[in-house]
Amino acid sequence: MSQAAATPGKLLLTPKDHALILIDFQSQMAFATKSIDAVALRNNAALISHAAAGFGVSTILTTVAEKSFSGPMFDEISAAFPGQAMLDRTSMNTWEDAGVIAKVNAIGKKRLVMAGLWTSVCIVGPALSALDQGFEVYVVTDACGDVSEEAHRSAVDRMVQAGVRPLTSLQYLLELQRDWARTDTYELTTGIARKFGGAYGLGIVYAKTMFGAQEGH
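Residue numbers (numbering that gives the first Met the number 0): 0 to 216.
Errors might be hidden in some of the hints.
[To be verified] The calculated lysine-lysine pairs, modelled on BS3-like cross-linking and capped at a C-alpha distance of 30 Å, are: (1) Lys66 x Lys33; (2) Lys9 x Lys66; (3) Lys102 x Lys9; (4) Lys9 x Lys108.
[Claimed, not checked] DEER-style ranges, computed between Cβ atoms: (5) Tyr205 x Thr89: 41 to 51 Å; (6) Ala206 x Arg177: 11 to 21 Å; (7) Ala4 x Lys66: 45 to 55 Å; (8) Thr6 x Lys109: 15 to 25 Å; (9) Lys66 x Lys207: 36 to 46 Å; (10) Thr13 x Gly162: 13 to 23 Å; (11) Thr13 x Gln83: 16 to 26 Å; (12) Thr13 x Tyr199: 13 to 23 Å; (13) Lys109 x Val204: 34 to 44 Å; (14) Pro165 x Glu95: 15 to 25 Å; (15) Leu11 x Asp36: 25 to 35 Å; (16) Ala78 x Thr167: 13 to 23 Å; (17) Ile100 x Gly202: 38 to 48 Å; (18) Tyr205 x Ser90: 38 to 48 Å.
Read the hints as simulated data drawn from the structure, not as lab findings.
C-beta atoms are modelled at their ideal positions from N, C-alpha and C, and glycine is treated no differently.
Generate the whole structure from the sequences, applying the supplied hints.
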């Protein structure tokens, strides 16, 4: 008979066990994105970016045809990683770019989290390619978007059927924190949630302002 233990499951993410790859969050790609509101997309991209930066997650930023066609990466993302170089590509499939793969190998994590535009092209390509090479792959589905809801949904279904694990942006932040007794990152986590966490963030503002509440106490 199995015995329960107060320890986290191995499938849960930790700040040091994965790399985050943010793909093609660029103006030209966003113009045609219809599966998610642009404001929500930018907010969710900012949330996971600031979470990764704050928790010290190894992060790769990559663009496609930045100078000639697609434009710069969202300011919300570049602001979280000041000075970090963008790896620009010509390939739609990030996994076919030698520069990106060199960075993946240098980081050396077998667990990858991905988000970007568009889901059915620029996320499906590297997600399925990485799976094929033995990596564990997670996709932040509400920080991805596509030309239609059907395109996004079909892409997510295809990836999940292949073994990709879906999660959301707020879930990503809270999974990195996981325990409110971790006081060294408490203010970081609640600060990001207040700024980018929607109604949950408003709840934190209200509770702290009105009666000095604090999670875990």
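Hints versus structure:
For the given pair, Lys66 sits about 24 Å from Lys33 by alpha-carbon distance, which is consistent with the 30 Å threshold. Restraint check: the Cα-Cα separation between Lys9 and Lys66 comes to about 41 Å, which exceeds 30 Å; the hinted pair is violated. Between the alpha carbons of Lys102 and Lys9 the distance comes to roughly 25 Å, so the proposed pair stays at or under 30 Å and holds. The straight-line distance between the Cα atoms of Lys9 and Lys108 is roughly 15 Å, inside the 30 Å bound, and the hint therefore holds.
At about 48 Å, the beta-carbon gap between Tyr205 and Thr89 stays in the expected band of 41 to 51 Å. Distance hint check for Ala206 and Arg177: the Cβ-Cβ separation is about 20 Å, which falls inside the suggested range of 11 to 21 Å. Remark: the range hint 45 to 55 Å for Ala4 to Lys66 is upheld by a beta-carbon distance near 53 Å. Remark: the range hint 15 to 25 Å for Thr6 to Lys109 is upheld by a beta-carbon distance near 21 Å.
Separated by about 44 Å at the C-beta atoms, Lys66 and Lys207 satisfy the suggested range of 36 to 46 Å. Separation of Thr13 from Gly162 is about 20 Å and conforms to the stated range, judged on CB atoms against 13 to 23 Å. For the pair Thr13 and Gln83, the supplied restraint of 16 to 26 Å holds, since their beta-carbon distance comes to about 22 Å. Distance hint check for Thr13 and Tyr199: the Cβ-Cβ separation is about 22 Å, which falls inside the suggested range of 13 to 23 Å.
A C-beta distance of roughly 38 Å is found between Lys109 and Val204, which places it inside the suggested range of 34 to 44 Å. For the hinted restraint 15 to 25 Å between Pro165 and Glu95, the CB-CB distance of approximately 23 Å keeps it satisfied. Between Leu11 and Asp36 the CB atoms are about 29 Å apart, so this pair conforms to the stated range of 25 to 35 Å. Checked against the hint of 13 to 23 Å, the C-beta distance between Ala78 and Thr167 comes to roughly 21 Å, which is consistent with it.
The given range of 38 to 48 Å is respected by Ile100 and Gly202, whose C-beta atoms sit roughly 42 Å from each other. Roughly 46 Å separates the CB atoms of Tyr205 and Ser90, a value that falls within the hinted 38 to 48 Å.
Violated hints amount to a single one, hint 2; each of the other numbered hints is respected by the structure.
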